[in-house]
Amino acid sequence: MKKIVIALSGNPNSGKTTVFNALTGAHQHIANYPGVTVEKKYGTVHHKGVEIEVVDLPGTYSLTAYSMEEIVARDFLLNERPDLVVDIVDASNLDRNLYLAVQFKEMGAPLIIALNMIDVAESRGIQVDSEKLSSLMGVPVVPMVARSNKGVNELLDTIVAYGEKGPKWIPADISYGMDIDRALDKVAEILEGIEGVADRYPVKWLALKCLEGDKRVLGLLESHPQELAKVKQICDELSRHVMSTLEEDIEGIIADHRYGYIAGVTKKAVRRKIEARLNFSDQIDKVLTNRLLGPLIMIVILYLVYAVTFWASEVPVQWFESFFNGLKYLVTLVVPPGELRSLLVSGIIDGVGGVMGFIPLIMVMFFIIAILEDSGYMARIAYMMDRVLRWFGLHGNSVIALIVSGGISGGCAVPGVMATRTLRDPKERIATLLVVPFMNCGAKLPVLAMLIGAFFATNRARMLFLLTLLSWLFALLAAKLIRSTVLRGPKTPFVMELPPYRVPTLKGLIIHSWERTWHYIKKAGTIILGISVLIWAMMTYPGLSSEQEEMFAAKRQSASVAFLSSPGIARWIKGPAELKRLNDLYIKYATQKQQQTTIGRKIVSSDPLHVLAKTAYEWKTTTFVKKDVDPELLAVARQYLSFREQMATIEITRQQTALKSTVAGWIGSSLEKITAPLGFDFRLNIALLGGFAAKEVILSTLGTAYSLGVAEEDKGGALAERLKQSPMWNPLQAFSLIIFTMLYVPCLATIISIRKETSWRWAGFSIGFNLTVAYMVTLLVRQVGLALGIGI
Amino acid sequence: MRQMSDNQKGIIKKVSATGDMGRRIREMGLVPGAEIQIQGRAPLRDPVAVKIKDYTLTLRNDEASYIIVEVDSPGTEVS
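Sequences listed follow chains A and U, in order. Counting from 259, one number per residue, gives the positions in the first sequence under this note's numbering. Counting from 1272, one number per residue, gives the positions in the second sequence under this note's numbering.
Derived from the structure by calculation, the hints contain no laboratory data. Accuracy of the hints is not assured; some may be wrong.
Said to hold, decoys possible - Residues on chain U that point at chain A, a partial pick, calculated with CB under 10 Å:
(1) R1273
(2) K1322
(3) S1350
As the list claims (entries may be wrong) - Below, simulated EDC-like cross-link-like pairs (lysine to aspartate or glutamate); rule was C-alpha separation at most 20 Å, straight line:
(4) K1324(U) - E470(A)
(5) K544(A) - D1277(U)
(6) K526(A) - E380(A)
(7) K408(A) - D431(A)
(8) K544(A) - D514(A)
(9) K1324(U) - E506(A)
(10) K1284(U) - E450(A)
(11) K1280(U) - E506(A)
(12) K1285(U) - E597(A)
(13) K1324(U) - E505(A)
(14) K1285(U) - E506(A)
(15) K544(A) - D1317(U)
Every residue gets a Cβ at the ideal spot worked out from N, C-alpha and C, and that includes glycine.
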């Protein structure tokens, strides 16, 4: 079968992603801010017996070596030489969109123009004569409305028809004025003679780029110093000449001529029926970016994101919780006590369940963020925030990276780090990607949500909002610090498009939020499952030595003997066998009561042990004394209860000793020296250590640590409940942990992304910097809290 | 362009920026001959939003200073 490779290109917001989805049926992220599709995406479609491979290039405005996206797109075209380039052109912004098309022609790429959004153009009174456009530009033009699938088939037809002709790469002839044209010919002549350059790249295009001073193209000539010197001489002469006569640099003149060429085309091919008037989008902007109302509305919208997220996900979160509790109960029914049960319950279900339980929360959050992105509001946030961010040495576009990383809570620093590619200045870019891990990403969210739920339950939304503001504060101050120390340097241009407001399509929103949620689930299913098991093993082995086990057994034994021989007990409980039966009866009664399975069905039994177990439990759980209870029975019951407490204390000590004598315990304990001023014990250290792999693990490890550390009969309560009951936990402790979690090391995946975008040096710096900041801030919080007595 | 007031219209006469900034300004369509209208300014009076043809761009005041615009009353040029 014949195969055609096409490259899909176009301006950001020209509907390129929609066309890609329509062509290949692939599901992909759609957003309204520049530069979401930084990576190349592939898809295949069969049409009329031809296999078409579609490569989605990053959205760009130009083909200079100005941003990462442009370099990626350009390198692909030059090195891979696809059969065809399909340029998606927004019909309602024809001039600027054709600027890119002209550059494809300069390069010589066989081009098809997909004239998208003709409906929007028509609604604004712009009529594009596609046949005339086609004859003027010398390329096929296909009018379409990708949003409603119009013109997709025609585009495929054109691709097949044009592609089967086997079109050649021929740079187009465009005049840039006499001076430049003449220099262009001279440079081309020099380049023609260079082997390894002239046969690989379109010479005329290379010559043009040399005149524009393109550093990457000039870099190609480095191994030919003689030719390079000649080329540079021509450029310098030309530059001096045009500066003195036209008072502009060469690049500016070339750009002006491109626009001149385009203006010549659009003059003939475009008809405007009515004068451009204030359109709908502009009217919305009059309100949403209003000097006074704009920021207020922005704050309200950001606050609503939380309020709605919690409100909408409350009930489903409870379903998930009860599902995993049910699962645990099932396991305890089927699997006998021992290491396997411990692995299943404490290692796997507690670990993964704790993370999965937050799926509804994250799904709702992603859905709302998708609305903000797809509607175009996100770019307005960047516009309104630029003045503020600039003060901290960042760029208005940094806000996108910060928001994607969790600026509205529940993002991820990995795409956040990748979103910094839209920043052109390396210093601004590195500063941004170093501070994005401070934001409250989706993985920290469950940890924060659990701690807030346990200790600040009365105003959860407000607390999370406060934490989000804090994360912004930390990130911005850290950026200021970095930009005024290790990364000093000037600001870069902020020329950005405010895309028109669009009503997001439900399909787009669902794809968008589901993809991110699915990513989260996959992470929970793989990395977190692995880490949960690993950490469970680290927290279980090697465990207590046999001497220690014997010591605890002896303690239990002597407590039992002491209890059985106390005065008045022997009449009710005769020997160890009956004591064991009483224990079983007590637990059975307690579980029945807790699960309320015996409501309305009173157990009538004359068995004295039964009566005793029942009385003891009732005495423990109800505060008032019943009159009809035999005082002697009551006395025995109370003695039995205090015996149980004694046994529980022994058990807790045993389990904690056991936890301390494991691998994780050793590491956690040795770190205690450093973390003691923060109030973190070895269990927290273990959890935070696990969080280095992925932040969700903090929650699951705490789950494991606390279900291991608590006596059997209290098991089953949610982690939040268990922490609330623990004496070492109070709001200050919870807040310290929240702050530390927000600030300390980026997770493994983020570190790897940072390293990919920069170098190991910066990745290492990121770890050290974040740890230092986290330690200092938490120390401050803790010590100030203790000194003022807040939250203890 | 920096001195223009909200809603004021004009035609770009000259872009004096060079290098990265000049390139960026031009590739976004801010070139001599283009008709523009000031759409508004961000809450802190910077950046400025400019309507050009049928789309809206934002740029900082510092960048706007490099763009010389002939405003409606003929013959008047402001940056």
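Hint-by-hint comparison with the structure:
Below 10 Å, beta-carbon pairs count as interface contacts, and R1273(U) has none with chain A, the closest being about 14 Å; its hint is therefore violated. Look at K1322(U): its Cβ gets to within about 7 Å of chain A, closer than 10 Å, so that hint holds up. Against a cut-off of 10 Å between C-beta atoms, the interface hint on S1350(U) is violated, since the closest Cβ of chain A lies about 15 Å away. For the hint linking K1324(U) to E470(A), the alpha-carbon distance of about 27 Å lies beyond 20 Å, and the restraint is violated.
With a C-alpha separation of about 11 Å, the suggested pair K544(A) and D1277(U) falls inside the 20 Å cut-off, and the hint holds. The hinted pair formed by K526(A) and E380(A) meets the criterion: a straight-line CA distance of about 17 Å does not exceed 20 Å. For the proposed pair K408(A) and D431(A), the alpha carbon gap of about 33 Å is over 20 Å, so the pair is violated. Simply put, K544(A) and D514(A) have alpha-carbon atoms about 32 Å apart, too far for the 20 Å limit, and the pair is violated.
Between the alpha carbons of K1324(U) and E506(A) the distance comes to roughly 24 Å, so the proposed pair goes past 20 Å and is violated. For the given pair, K1284(U) sits about 38 Å from E450(A) by alpha-carbon distance, which is inconsistent with the 20 Å threshold. At roughly 24 Å between alpha-carbon atoms, K1280(U) and E506(A) are farther apart than 20 Å, so this suggested pair is violated. Only pairs whose Cα atoms come within 20 Å are accepted, and K1285(U) paired with E597(A) is rejected, the gap being roughly 78 Å.
At roughly 26 Å between alpha-carbon atoms, K1324(U) and E505(A) are farther apart than 20 Å, so this suggested pair is violated. With a CA separation close to 9 Å, the supplied pair K1285(U) and E506(A) stays within the 20 Å bound. The straight-line distance between the Cα atoms of K544(A) and D1317(U) is roughly 16 Å, inside the 20 Å bound, and the hint therefore holds.
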